[in-house]
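Protein chains in written order, with the working numbering: chain X, 1 to 363; chain F, 1 to 363; chain P, 1 to 325; chain H, 1 to 325.
Bear in mind the hints are in silico, worked out from the structure with no lab data behind them. Note that the coordinates shown come from a computational prediction; the quantities given were computed from them, not determined experimentally. Glycine included, every Cβ here is placed at the ideal spot set by N, Cα and C. Some hints could be false.
[To be verified] List time: in silico DSSO-like cross-link candidates among lysine-lysine, alpha-carbon distance up to 27 Å:
#1 F/Lys-169 x P/Lys-47
#2 P/Lys-47 x F/Lys-170
#3 X/Lys-292 x P/Lys-180
#4 F/Lys-169 x P/Lys-33
#5 H/Lys-47 x X/Lys-170
#6 X/Lys-316 x X/Lys-329
#7 X/Lys-291 x P/Lys-33
#8 F/Lys-170 x P/Lys-33
#9 H/Lys-253 x X/Lys-200
#10 F/Lys-291 x H/Lys-47
#11 X/Lys-292 x P/Lys-33
#12 X/Lys-169 x X/Lys-260
#13 X/Lys-59 x P/Lys-39
#14 X/Lys-170 x H/Lys-39
#15 H/Lys-39 x F/Lys-59
#16 X/Lys-339 x X/Lys-59
#17 P/Lys-180 x P/Lys-33
#18 F/Lys-291 x H/Lys-196
#19 P/Lys-33 x P/Lys-47
#20 F/Lys-200 x P/Lys-33
#21 H/Lys-180 x X/Lys-169
#22 P/Lys-47 x F/Lys-200
#23 X/Lys-291 x P/Lys-47
#24 H/Lys-33 x F/Lys-292
#25 F/Lys-59 x F/Lys-339
#26 H/Lys-39 x F/Lys-292
#27 X/Lys-291 x P/Lys-180
#28 X/Lys-169 x H/Lys-47
#29 H/Lys-33 x F/Lys-291
#30 X/Lys-200 x H/Lys-47
[To be verified] Partial list, derived from the structure: chain F residues whose beta carbon lies under 8 Å from chain H:
#31 Gly-72
#32 Gly-134
#33 Ala-150
#34 Gly-182
#35 Tyr-215
#36 Asp-220
#37 Val-221
#38 Thr-222
#39 Ala-337
#40 Lys-339
Chain by chain, the residues run as shown.
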Amino acid sequence: MARKAAKSATKSRGASAKASSKAGAKTSTRSKSRLNDDIGEEKRLKMFQLQLEVRHLEKRAHDLFLQNLVKGTSHLAVGQEAIAAGCATAMRPNDYTFCTYRGHAHTMVRGAPMTAVLGELMGRECGLLKGKGGSMHLTSVEHGAMGSYAIIGAHLPIAAGAAWAAQYKKTGQVSFCFFGDGTTNIGAFHEALNMAAVWKLPVIFVCENNLYMEYTPIGDVTAVPNPAADRAAAYGLESILVDGNDADAVYRVAYAAAEKARSGGGPSLIEARTYRHFGHSRADPATYRPKKEVEEWLARDPIPMYRARLLEFGVKENVVSGIEESVLKAVDDATEAAKESPPPSMELLDTDVWADGGASWRN
Amino acid sequence: MARKAAKSATKSRGASAKASSKAGAKTSTRSKSRLNDDIGEEKRLKMFQLQLEVRHLEKRAHDLFLQNLVKGTSHLAVGQEAIAAGCATAMRPNDYTFCTYRGHAHTMVRGAPMTAVLGELMGRECGLLKGKGGSMHLTSVEHGAMGSYAIIGAHLPIAAGAAWAAQYKKTGQVSFCFFGDGTTNIGAFHEALNMAAVWKLPVIFVCENNLYMEYTPIGDVTAVPNPAADRAAAYGLESILVDGNDADAVYRVAYAAAEKARSGGGPSLIEARTYRHFGHSRADPATYRPKKEVEEWLARDPIPMYRARLLEFGVKENVVSGIEESVLKAVDDATEAAKESPPPSMELLDTDVWADGGASWRN
Amino acid sequence: MAELTYREAVAEAIAQEMERDENVVFLGEDIGKAGGVFKATVGLFDKFGPERVRDTPIAEQAILGAAMGAAMTGLRPVAEIMFSDFFAVCWDIVANQIAKTRYMTDGQVTMPLVIRTANGGGVRFGAQHSQAVENWAMMIPGLKVIAPSSPADVKGLLAASIRDEDPVIFFEQKSLYAEKGEVPDGEHIEELGTAKVVRPGDDAVIYALAAMVPRAVKAAERLQAEDGINVSVVDVRSLVPLDTQTIFDEFRKSGRAFTVEENPRLCGWGAEISSLITEECFWDMDLPVTRITTPHIPLPASDNLEDAALPSVDRIYNTVREGLD
Amino acid sequence: MAELTYREAVAEAIAQEMERDENVVFLGEDIGKAGGVFKATVGLFDKFGPERVRDTPIAEQAILGAAMGAAMTGLRPVAEIMFSDFFAVCWDIVANQIAKTRYMTDGQVTMPLVIRTANGGGVRFGAQHSQAVENWAMMIPGLKVIAPSSPADVKGLLAASIRDEDPVIFFEQKSLYAEKGEVPDGEHIEELGTAKVVRPGDDAVIYALAAMVPRAVKAAERLQAEDGINVSVVDVRSLVPLDTQTIFDEFRKSGRAFTVEENPRLCGWGAEISSLITEECFWDMDLPVTRITTPHIPLPASDNLEDAALPSVDRIYNTVREGLD
Ligand SMILES: Cc1ncc(C[n+]2csc(CCOP(=O)(O)OP(=O)(O)O)c2C)c(N)n1
Ligand SMILES: Cc1ncc(C[n+]2csc(CCOP(=O)(O)OP(=O)(O)O)c2C)c(N)n1
Ligand SMILES: [Mg+2]
Ligand SMILES: [Mg+2]
């Protein structure tokens, strides 16, 4: 199982798809051939599990916020899980992920433990960053999650830089960079895309077009209908538009782009259309969105759609519900563990400004 | 004469095309019809004169630099005159020009006196900015020359802002913004183009593609062959590529773009291919350029080409050489006047940080 | 007098000036239809319409470039940079263009514009959304720099900034947006370049800014109540122009001063005021000026760490008490 | 010992480190084939090839973003920002990303990179190409800040910066590029965080940086020759980490100090040193610390105005002499 290949088969995520693999073997021949296509059952079950993990952890974060246990801000990716799941499944364990404040999903799908993710949102010592970074900066270098960046656009050139190092060292690593539609209008987007294209860097820019910047419809502030895809040509790149609510579709374009990047073919720019179910951030009820639009997109919720596909392809109901239950349990366990963790030790205040571990600016 | 329409029929530019207008009337019918086409004789003579003024003033600046009378740096537009002349001739007197450190040409063609231009390069009190700005910041607000900007990209959004004011006040003014090929790779380019397109601002972005950033060929650092034209589509704009060594061709696209902007049609992005005869700046011998390339472009020098066209269209040799002589004389006079001007008064050091005329940061 | 929140005072000041002068226009991300992410500009879009209240793309250079170009050509734009941390993506337009153009052009260009921004920490947003960066602006010649601590000052100083002919960087304090205070009805204008003695005292003086003002006042009250020490608190309000008269006058009463800054340790406005006092009031100094600042670290996100980093009432109280011992 | 120019020392330091460690890579605008607009990197492209010496587009955010991403993943990039004024177009990557990421990630990320840049005035380039912006960097927690005044220090401190595990902003002085000096042959490494007493003296001390160091030395020589006043000159060299030990030790010899800064008046490193001395050496102070700075104005372009704006030997000489009167 690809899941295993990731450095840390995380304990806090109890769910395992092992049994399900066998169950899959008993499906009818026709379904089986669809299930075991270029993607295959193993990866599909993984993608299902990843989407569920994100969904439930994000909803839990929302609950904890309402209980005032998550402070500051948080930006949920509920509704957008298929992109994180599809891309992560196309990655190799040593590939890099660079994402935004809306990055819980992208950090988790690389293998960061749920407890550490929730712990960071709650400002606890068990947090991924021991509470020093907060929800907008989740990072787990050991899992290839190279950081969540809270200033729009900044991480695009940084992701290109990681790709440059991989190219220079000939490691075959690919750098994935996730950002929103609104980000396509800022200068750093342009600079990063151009340089990546000229240097043929192994970096994949994934624009998650959820139709809104914060509260403003992307169409109101963008000169082209498809903010990323319609600009690919400005960097000599192919225009790629994919259904961001279909993990399989995302997986396929991400996989192809990664292959291309690894073989020296340079960067790709992928636009994945999707929708966020919650508001922009914790405090936003998202009332600026037309009811009909919301309804249409809720009807295209990636998780029920994917579940239906699994069943249609012959995966047994009990396998699917087994994953569902184990994910829920894992989220519960992680919540308890995070709640029990103390606030960060006060010593952390003055550590790790510098590589020597300290924070002194003088002798 | 269109020249006259400009607020300041500058005295220091002795040349006048008045007499020549009469001479033009005597040409043969066929030539006359070509001369009196959509552009017409008056504008053509103006464009010839403007190109000559830039050429000779720039060469003079170079001489003065070699005599150590021009300090700091200077960026000559010799070879690129047709763009400045063509665009200025398409402008109305109250239109705005925003340009770069390579902006002597653009400032002069709007009517800034030669003495004041040279004086600024020489750091004299008679300078356009009384020596406070220097060669990279020529500005003559009274002539619509809204400044020369020395940080790549900055003036694109600023030019859009002036266009926004014109749009808001419904003045019918158009904002022209000139920049180089290398500038198309910086973030501010992207931000300005997108916002101008979304807001349908009356701004015309003119990329003077002289094939090099400072010393690096533009193709080495740009993902598309035509750095501006190939990116117009990313902002929903038409791709416009023009021969930047042909003032008539430049005039035509600039005029059309201005008409469109004035009638609410929004911005344009024009790429004009050209070549600089000198190095990037005062100290650069430009040895990085292939000899053949230099020769080919010198053979396409815009000024002899335009001169030949005037004659071919029936303008009399004595009219043409009359303009040539008067321009040379004007440059000589301006040089003498600037040389006689004293260095800036020391009081200027502490003036005009603030609108009250002063510079105090405390009471 | 009406009781308004700090955020309501922002909208009221802008509305007052937009009503008075149709050249005042307002632009920024989500400031219009949505009323701003801090709800500080609610109602302006409905009142003044999309021509005067313009939602922009996420493009801070374009926002400030547009403001500058418009200011140069006859408008009086108010631009919002959502968080002051984002100045870093458009610093060129602020520091190299807006600030310098009048001087470089020998006064040919006038730049009447205001950049409003939400500044400071205390809201658990982490290191990229919590910085106090007044000193970034103070360092740059050609910028006026204002940071009010109360709703009344927000209204009076923001209106004055909009009327000013020079570029003003107007720092609103994130952590104060919900605070209430009495605000004069009708037209209310304060003077830029004036500090305000918010609490008199002659044993020592504390210079504070924005969120640090109420903290300094609380510390002063405690010093009075618990230790009988009578400390003056000066709300600096205007970093440029700086009211050195009030600053020095208040200093000379006791010869003992403390500064309370939210920005990190090095090269803050506290260092500037400390140096100025040393230079110009040396012979009146009874004690060295002591700076109370956030340590020189990026701001951490968790409650306890962030609280420990920012100057607190306790820290101010303790530092002053020990300093005067 | 060989005599090298300041600019040659730059290339020599980079070459030394690139030879030693193949993870050292170098990028910037026109730095490769053309050898840099200040000719400070001539020869590196030929020696190390286009894979390690990369010419970039005009895209400072992309340059520093690339450097940062590469530093996070195993390389040790040296990036050039052609003029320090251009930090304003990429300040986010410097101040919000490079400086903060190690702290925010609780040390998960290490950031061994150097950003070299040409800083300062005196060459008639006008207000957008002449700024001394060391204080921009010093204000930001998480950046080390170095500014050498001699070819030997360029080599030793640049090499040390490249070996350092933290991000270093390395300010080269435009007006010193042509200056010559003795430089140790072979491997030469200086220590970051150390100031240098370049001239001993016990009547007063002048703290100076970069181009101001030779000017301070000249003023000190004149004070000695004309007035018999014996002034020490400290080349601060390293603003972060700051060598407060040397700074205080030298101060205590006389209790009288002057700072000479090229940056504009407000919130410079001079204010920081002045405040530190007041805070920590108050009872040793014989006189207030006097700051000699460029006035708080954008830098003008013409010879006479620029010369009048920057601290000159005369101004230093006169200020110190009058100050000690
Ligand atoms: C430079 C900068 N400007 C503005 C913001 C404030 N901001 C945070 S998220 C956001 C909207 C981003 O929209 P998009 O890129 O579509 O991402 P999404 O939130 O939809 O995932 C904005 C404007 C910021 N963080 N950085
Ligand atoms: C932000 C910024 N980066 C770099 C520079 C240095 N620089 C000045 S001119 C120039 C080349 C510009 O090339 P291009 O846009 O083609 O204009 P040209 O000089 O050819 O007219 C560079 C890199 C600058 N002034 N500003
Ligand atoms: Mg979005
Ligand atoms: Mg060019």
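Now the hints, each set against the structure:
1. For the hint linking F/Lys-169 to P/Lys-47, the alpha-carbon distance of about 19 Å falls within 27 Å, and the restraint holds.
2. Taken as a hint, the P/Lys-47 and F/Lys-170 pair is honoured in the structure, with Cα atoms around 21 Å apart against an allowance of 27 Å.
3. With a C-alpha separation of about 39 Å, the suggested pairing of X/Lys-292 with P/Lys-180 is violated against the 27 Å cut-off.
4. For a cut-off of 27 Å, the pair hint linking F/Lys-169 to P/Lys-33 stands: about 22 Å separates their Cα positions.
5. Distance hint between H/Lys-47 and X/Lys-170 is fulfilled; the C-alpha atoms sit about 21 Å from each other, no more than 27 Å.
6. Restraint check for X/Lys-316 and X/Lys-329: satisfied, since their Cα atoms lie roughly 20 Å apart, inside the 27 Å limit.
7. With a C-alpha separation of about 17 Å, the suggested pair X/Lys-291 and P/Lys-33 falls inside the 27 Å cut-off, and the hint holds.
8. A distance of roughly 24 Å separates the Cα atoms of F/Lys-170 and P/Lys-33; the hinted pair therefore holds under the 27 Å criterion.
9. Of the pairs offered as hints, the one joining H/Lys-253 and X/Lys-200 is violated, with about 59 Å between alpha carbons and a cut-off of 27 Å exceeded.
10. Note on F/Lys-291 and H/Lys-47: the hinted pairing holds, with a Cα-Cα distance of about 25 Å set against a maximum of 27 Å.
11. Between X/Lys-292 and P/Lys-33 the CA atoms are separated by roughly 19 Å; this keeps the pair inside 27 Å, and the hint holds.
12. Between X/Lys-169 and X/Lys-260 the CA atoms are separated by roughly 18 Å; this keeps the pair inside 27 Å, and the hint holds.
13. Taking the CA atoms of X/Lys-59 and P/Lys-39, the gap is near 26 Å; set against the 27 Å cutoff, the hint holds.
14. With a CA separation close to 31 Å, the supplied pair X/Lys-170 and H/Lys-39 exceeds the 27 Å bound.
15. The hinted pair formed by H/Lys-39 and F/Lys-59 meets the criterion: a straight-line CA distance of about 26 Å does not exceed 27 Å.
16. Restraint check for X/Lys-339 and X/Lys-59: satisfied, since their Cα atoms lie roughly 16 Å apart, inside the 27 Å limit.
17. Proximity of P/Lys-180 to P/Lys-33 is assessed by CA-CA distance (about 24 Å); at most 27 Å being required, the pair is judged to hold.
18. Only pairs whose Cα atoms come within 27 Å are accepted, and F/Lys-291 paired with H/Lys-196 is rejected, the gap being roughly 50 Å.
19. For the given pair, P/Lys-33 sits about 11 Å from P/Lys-47 by alpha-carbon distance, which is consistent with the 27 Å threshold.
20. With a C-alpha separation of about 20 Å, the suggested pair F/Lys-200 and P/Lys-33 falls inside the 27 Å cut-off, and the hint holds.
21. At roughly 38 Å between alpha-carbon atoms, H/Lys-180 and X/Lys-169 are farther apart than 27 Å, so this suggested pair is violated.
22. For the given pair, P/Lys-47 sits about 23 Å from F/Lys-200 by alpha-carbon distance, which is consistent with the 27 Å threshold.
23. For the given pair, X/Lys-291 sits about 25 Å from P/Lys-47 by alpha-carbon distance, which is consistent with the 27 Å threshold.
24. For the hint pairing H/Lys-33 with F/Lys-292, the CA-to-CA distance comes to about 19 Å; that is within 27 Å, so the pair holds.
25. Distance check on the hinted pair: F/Lys-59 and F/Lys-339 sit about 16 Å apart at the alpha-carbon level, within 27 Å; holds.
26. As the CA atoms of H/Lys-39 and F/Lys-292 are separated by approximately 26 Å, the hinted pair is consistent with the 27 Å bound.
27. The suggested pairing of X/Lys-291 with P/Lys-180 is violated, with an alpha-carbon distance near 35 Å, which exceeds 27 Å.
28. Distance hint between X/Lys-169 and H/Lys-47 is fulfilled; the C-alpha atoms sit about 19 Å from each other, no more than 27 Å.
29. The hinted pair formed by H/Lys-33 and F/Lys-291 meets the criterion: a straight-line CA distance of about 17 Å does not exceed 27 Å.
30. Straight-line distance between C-alpha atoms of X/Lys-200 and H/Lys-47 comes to about 23 Å, which keeps the hinted pair within the 27 Å bound.
31. The restraint placing F/Gly-72 at the interface with chain H holds, with a minimum CB-CB distance near 3 Å, inside the 8 Å limit.
32. Hint on F/Gly-134 holds. Least Cβ distance to chain H is approximately 3 Å, under the 8 Å limit.
33. Hint status for F/Ala-150 relative to chain H: holds, with the closest Cβ pair at about 4 Å, below 8 Å.
34. For F/Gly-182, the shortest C-beta to C-beta distance to chain H is roughly 5 Å, which falls under 8 Å, so the interface hint holds.
35. Given hint, F/Tyr-215 at the interface with chain H, holds; its Cβ is 4 Å from that chain's nearest Cβ, closer than 8 Å.
36. Hint status for F/Asp-220 relative to chain H: holds, with the closest Cβ pair at about 7 Å, below 8 Å.
37. Annotation: interface hint on F/Val-221 holds; nearest CB of chain H at approximately 4 Å, less than 8 Å.
38. Hint status for F/Thr-222 relative to chain H: holds, with the closest Cβ pair at about 7 Å, below 8 Å.
39. For F/Ala-337, the shortest C-beta to C-beta distance to chain H is roughly 17 Å, which exceeds 8 Å, and the interface hint is violated.
40. A cut of 8 Å between beta carbons decides the hint on F/Lys-339: the least distance to chain H is about 14 Å, and the hint is violated.
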